[in-house]
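Peer 1: Please model the entire structure based on the sequences and the hints provided.
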Amino acid sequence: MKHLLSINDLGAEGIDEVCRLADHFTEVSQRPIPKVPALRGKTVAMLFYEDSTRTRLSFEVAARRLSADVMGFSVSASSVNKGESVRDTVATVSAMGPDAIVVRHRSAGVPQQTAAWTDASVINAGDGWHEHPTQALLDCYTIRDRLGSVAGRRIVIVGDIKHSRVARSCVMAFTVLGAKVTLVAPPTLLPPEVGSWPVDISFSLDAVLSDCDVVYGLRVQKERQSEALLPSLREYTAQWGLTAARAARLHPDALVMHPGPVNRGVEIAPEVLDQPNATLNEQVRHGVAVRMAVLYLLLAADPDLRPEGAGT
Amino acid sequence: MSTVIKGGLVIDQTGERNGDVVVEDGRVVAVGPDLSGDEVLDASGCVVAPGFVDIHAHLRQPGAEEAETIETGSWAAVRGGYSAVVAMPNTNPPIDCAAVVQEVLALGRLAPCDVYTSGAITVGRKGEQLAPMAEMAALGVRLFTDDGRGVQEAGLMRRAMEYAAGLGVVLAQHCEVDSLAAGGHMHEGEWSSRLGIPGVPAEAEELMVMRDIALSRFTGAPIHFQHLSTRGSIAMVRAAREAGLEVTAEAATHHFTLTDEACASYDPVFKVNPPLRPADDRDAVREGLADGAVDAIATDHAPHSPDTKEMPFDQAPPGMLGLETALALALTELNLPLAEVVGLLTWQPAAIAGLKGVHGAPIAPDGPANLCVFDPNETWTVDPDALASRSRNTPYAGRQVRGRVRHTIVGGRPVLVDQEMRP
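For the record, the sequence lines run as chains A and B. Per my numbering, the first sequence runs over residues 1 to 312. Per my numbering, the second sequence runs over residues 1 to 423.
Since the hints were derived computationally from the structure, they do not count as laboratory data. There could be a bad hint or two in this list.
[Stated by the list, open to error] Computed far set for chain A versus chain B, every beta-carbon distance over 10 Å: (1) 11; (2) 23; (3) 61; (4) 75; (5) 148; (6) 229; (7) 244; (8) 253; (9) 262.
[Unchecked claim] Derived DEER-like restraints, expressed as beta-carbon distance ranges: (10) 400(B) / 27(A): 51 to 57 Å; (11) 399(B) / 145(A): 46 to 52 Å; (12) 283(B) / 243(A): 46 to 52 Å.
The beta-carbon is built from N, C-alpha and C at its ideal position, and this holds for glycine as well.
Peer 2: Given below as structure tokens:
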């Protein structure tokens, strides 16, 4: 595999392989010196056109723990502000010979376009409303870690599905692994023709809450009020927020997940975030191991050098 | 000096017959067997038709000469078999007053085909105030449109239609309700949902078609609908015509050829406005062309330089080239008799644009010598680098198509001979 642009590039087997590799890198991360020479001499360029804290830091830490060199790229300090096109910027970065380019952009499809403009491997770190495959991978890894497997789990994704790249990647990843996914949102926050997606739909969180293994909350942005998609965030929280009262109706082992950043008190009540079944910090921690696995999968030259039990 | 077109099948509004065609001094002088002339153009195995008429071409001049000029766009037209093109007014400055009309017409006089221009309905195409249609009509403008935008205000559109009817000119509407289409970059549906690209619903077009049919009934003024792309739009136009309203419509080549699935590549070459629609809408466009609900094939030729087009999908400007591939796509994609395809490209659009008698006219002695000779069976592969247009944004790169223009004659002058441009 050359690029990771979409969860579709991996399929069920690929996701399993990433998780097995991530098990190994989780162990590496717990060592006194959490670093291996697997990607020594490789260079990973970060091309982040959109603000990001966790994804960018996570990729950087992952690359460094594999001994790769990291080329940072900060849009505000770059020639993008001088009007350089994405294509020219990609050409410029490529000319410096990175082995991988990690791309985040507010427009859907930019990673796919980038892959056509460079010889490097391209990793999609989030493109518009389209996909965020490494987020879905770390979520699969977290569910697998907590519940043993993703297959057969009943997963409720609640929130602004329409505008969410996380939702698109997670739906693909969870369903290809055999989970039963239910999307919960007001109709204004569901994508068009969502009936063609391999999921169930509910407009009521209360109707599905007591019967699920995972509640996955998505960020709801304030702008949705001005676009007439929601009357108010207050109404959103009352109808679709994971309040303490709703959380109390969950099965005791059910997980509460969120890709972050959270609007505390909007999507999930603050006290629910502090419960032991809320996995937000674990998701971030697993993100490093999972991104190490992805970088390793794309860039490690010799598959024989792969760690024991890491599959093929 | 006379030119004889030898051995072709002559197709025009009066029918089909085998025969040679002699042209001299801008007119057809003879049609019949075994004719001769000073220059001989071979037409064996070919159709001799009136020159094509494109009532929807973006020639980009003034303002975006890096994408196209009236000269390069006209050569693209000639290569596509067109003897006449109607320029769209979304230039910079827009074609919304006599001065800009005169500039475009002056540049057009130097072009290898006849260049007509449309004028804007509203000042600056802003949809706020009527443009001086009478002064533009006095210079020969027959089609008025704010193309690229629909006239949003129903009250303003009503007055524009009434005013235009008094001048004997036709309004052409780009049907799109802004409040439904805003922020969209492709058809809203299964593919936009999957690709995470904001969509434009079919209803954004259909609501304006519905409104303007009602306004045509109310005012008695004719209305022409540009580049219809949905089954619902075409059904409404069909019903309006059956009810006797003066409603005409065009379809763009890409809307009967491509579907929204093409956007899965995220290649902005497939971004166009109105957007590519699902297969059912594409089929409806084909049905409309076949049963007469749609009068004309238009190209919506919309050149963009690579610098402006090779952008993230949602930042790229909409539009694709069309002049040099329209005939081939019509012959390849539409399962229609040759004469019907010729009608959709010639006398039917000529009638809408008020060009009847000059373009799309019967090929007969003393008729105008605006002609196209094409081989309906030659297959060829679209190569963006071989196009005469200044831009390269064809969505058909590498596509094998059938039907190729061989000669184009404008005003009696062979400007394209055996696919070679003759400046």
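Peer 1: Hint by hint, which ones does the structure fall short of?
Peer 2: none
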